[in-house]
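Protein chains: 2
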Amino acid sequence: MSIQETLQKIIKQVKAGIHPSDLLELIDDLNDQQRKELFELLSDEEAALIIQEMEEFDQVSLLRLLTKHKASAILKEMAIDDAADLLRELSPEEVKELLSLIEEEAEEIRGLLKYPEDSAGGIMTTDFIALSEDITVEEAIIRLREVAPEAEIIYYVYVIDSQTKLSGVLSLRDLIAAEDGTYLREIMYRNVISATAQMDQEEVARIVARYDLLAVPVVDEEQRLLGIITVDDIIDVIEEEATEDIYRLAGTSEVEGVNILEASVTNIASKRLPWLLLSLLGGLLSGSVIGAFEATLEFIVVLAVFIPVIMGMGGNVGTQASTLFVRGLATGEIEKRDVWRYLLRELKVGLAMGIVNGAIVAAATLLWQGRPILGLVVGIAMFITITFATLIGTLVPMFFNYYGVDPAISAGPFVTTINDFTGLLIYFYTVSFFIKYLV
Amino acid sequence: MSIQETLQKIIKQVKAGIHPSDLLELIDDLNDQQRKELFELLSDEEAALIIQEMEEFDQVSLLRLLTKHKASAILKEMAIDDAADLLRELSPEEVKELLSLIEEEAEEIRGLLKYPEDSAGGIMTTDFIALSEDITVEEAIIRLREVAPEAEIIYYVYVIDSQTKLSGVLSLRDLIAAEDGTYLREIMYRNVISATAQMDQEEVARIVARYDLLAVPVVDEEQRLLGIITVDDIIDVIEEEATEDIYRLAGTSEVEGVNILEASVTNIASKRLPWLLLSLLGGLLSGSVIGAFEATLEFIVVLAVFIPVIMGMGGNVGTQASTLFVRGLATGEIEKRDVWRYLLRELKVGLAMGIVNGAIVAAATLLWQGRPILGLVVGIAMFITITFATLIGTLVPMFFNYYGVDPAISAGPFVTTINDFTGLLIYFYTVSFFIKYLV
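As they're listed, the protein sequences go chains A and B. Quick note, my numbering runs 99 ahead of the 1-based positions in the first sequence. Quick note, my numbering runs 99 ahead of the 1-based positions in the second sequence.
Pulled out of the complex, with its shape left as it was, chain A reads as follows (with noise of 0.2 Å):
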């Protein structure tokens, strides 16, 4: 297919009103004179619903490509929440410009800016519907039926006091069931559950999950309502802080602003090497320690061969258990109150998994090198270094956490190194202890 024919069947697609989402592979097709072009014959409420389900790397770029005017006639047509935080990628001069050219909007996306990227005020939108407790379900629906085609959901009905602030809710399925003649104050929920405009957004999913809502609202400090988050942008900020875990666990930093297809060597390579140089230095340090015990391996220079197996099994051991805990404490099943008894479990599996592990080696020790009492010591030293780097992999995310560090951050090459030394201390000290049997 030409690029021509795409351009075409791009803009065939959308007056069919194919999803939005399903137009972005072709539009990838495109080089940047061809995309202004389409985005050029597109109407600002076609070009706006598409830019909203692309990434945001790509949205900025087409952005710039665009002139000024039909940039900003773009971000009038978005959501205010995607416009804003498309707006957030771009510099403070760009921001200004375009703002200028908005008007009505303009001042509504500024409010947004002010909270952080990351925050319960950083994700919501505006776009919202707040009724008031003193009218009527029916007056209710008409009103709903006016603004339908604007507001982002109106699946539940915000309802308001007096003073405006928040004091029920109604779901549009209670409204619909409900009679007439009836008052909102009647029928709303009281307990509203709400989220701060400060909160972070993990905790805000946190709420949309256990209560399985389909948006919350986020109020200010005298329970005045601000915006509402959709269950659409949480599902996003799960996917998100699970991706930052995964990351840290295996000690890198995501590529921020660009696809991972996209960037540059020199962008990932930095994205990986502090974590590397932090291992570096540990391997470094674990050398040391067998620099301090050289006269020994010289001695019976048998003992590196068991160098590796002693360091992976304590890695091993250390990051399931790291993994393990920092899971438990993101997902919920770990809270705070269970942590010690969670230790002392965690204890008992190390001490389990380091009698199973420690036979076997000392087995295996026996029959490959024939000698019982070094298979004895390897299996004693590995015993140790198992229980060990199980209480290293639990404490070291508990530290971190109790200090109000992210654990994922620990749990990677951090303890993965730590366990690295301490196995090879645990076992030259277990070896010097029983060298007289050795030699």
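Heads up, a few of these hints could be off.
No distinction is drawn between identical chains; accordingly, a pair holds when it is met within one copy or between any pair of copies.
[Stated by the list, open to error] Straight line, CA to CA, 25 Å or less: simulated DSS-like cross-link-like pairs of lysine-lysine:
| no. | residue 1 | residue 2 |
| --- | --- | --- |
| 1 | Lys135 | Lys535 |
| 2 | Lys447 | Lys135 |
| 3 | Lys435 | Lys108 |
| 4 | Lys447 | Lys370 |
| 5 | Lys535 | Lys264 |
| 6 | Lys167 | Lys135 |
Note that these hints are calculated values from the structure, not bench results. Note that this is a predicted model, so its numbers are computed, not measured.
We have chain A already, so just place chain B on it with the hints.
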């Protein structure tokens, strides 16, 4: 607070309409006898609402406390998909007995139980609203007002044609905004995004996230509507799948059917041991590399000092590479058609990281040991190890993925073990190559 007070408090809160999620902690404090008492005091409907919010293992143990009569009465009041999910955890005899007491809903529940637990059919509900395309908006709203209190979700109205095939969808908002006399077929959206009953739940989650849906219809081969999946269940799927991936990356699997804090030491150890045994075997194999070069090591014992840094770096680089690839596949950022391009970029990243770390370790060795040739040799070995580890970290999950095995399984201890082995091989071969300059 005494247990009796807790019991009273829970009942008071239930009657006050507190969200059932907020009662779970209080219920946790009760013993079995009190739990039984509590649920016998509650109405079937109240009990059902609370049970629906519980974790599966808590649901099962509670249900077994109650009489079959009470248990089946509660099941009858639960959302049909939640009831089916709960029954999946029971023995076939229990299911048979409970369903025989339910009557009406039993057939529908049996229908759901046919589908695998993690398929679209396994998470869908049959409580949905389907209207004929030949009725008017006014008729539709009247119908919705009748069924509103029953159906799981009425924010989307599915429209079926005269052959009962799914032909369109309307949001409640579209319906409310439309003129009374309009026929549904005139305003419905015809390109309905749907799932099939056999589809994996992860794929369904991807669809819901991609199109920002509140629910997705599930159809059979003839496009007949079988059920719907709501977004709150999709959130659970996304969290579950992220946890599963994180566990696999760390070389463990999830303890099923029981809270992590309640699980026995044996149960937990049994989930982690298989990976550790793999790692143990790998460690011994890596040790055999050292064994093969024992003569060299005996000759220059200081070479042992660099074993940890070579192994540690190979392991971490591999974990980074495999984790980034696995997560990229899971979130859809890396698509099948991109993998070779991705691999090539990783090779470049590996080379870059290899040069930086090789140079640093060479300099560190020179400073530490005062031997420039040794520094050069260690630096070269490090450079090759890192480049290789990056490639292996990407190729192994690519390979698993190609053969339809979850790449997350390969990306943890598996990659680390291979990289430990190859890292040591590379190190000792490099050393042997330069041996005449080292003595």
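Results for each hint:
1. Lys135 / Lys535: neither (80 Å within a copy, 64 Å between copies)
2. Lys447 / Lys135: neither (63 Å within a copy, 32 Å between copies)
3. Lys435 / Lys108: For Lys435 and Lys108, the Cα distance is within 25 Å only across copies (24 Å; inside one copy 55 Å).
4. Lys447 / Lys370: between (37 Å within a copy, 14 Å between copies)
5. Lys535 / Lys264: neither (80 Å within a copy, 83 Å between copies)
6. Lys167 / Lys135: within (12 Å within a copy, 67 Å between copies)
Hints 1, 2, 5 from the list above are not met by this structure, while the remaining hints are.
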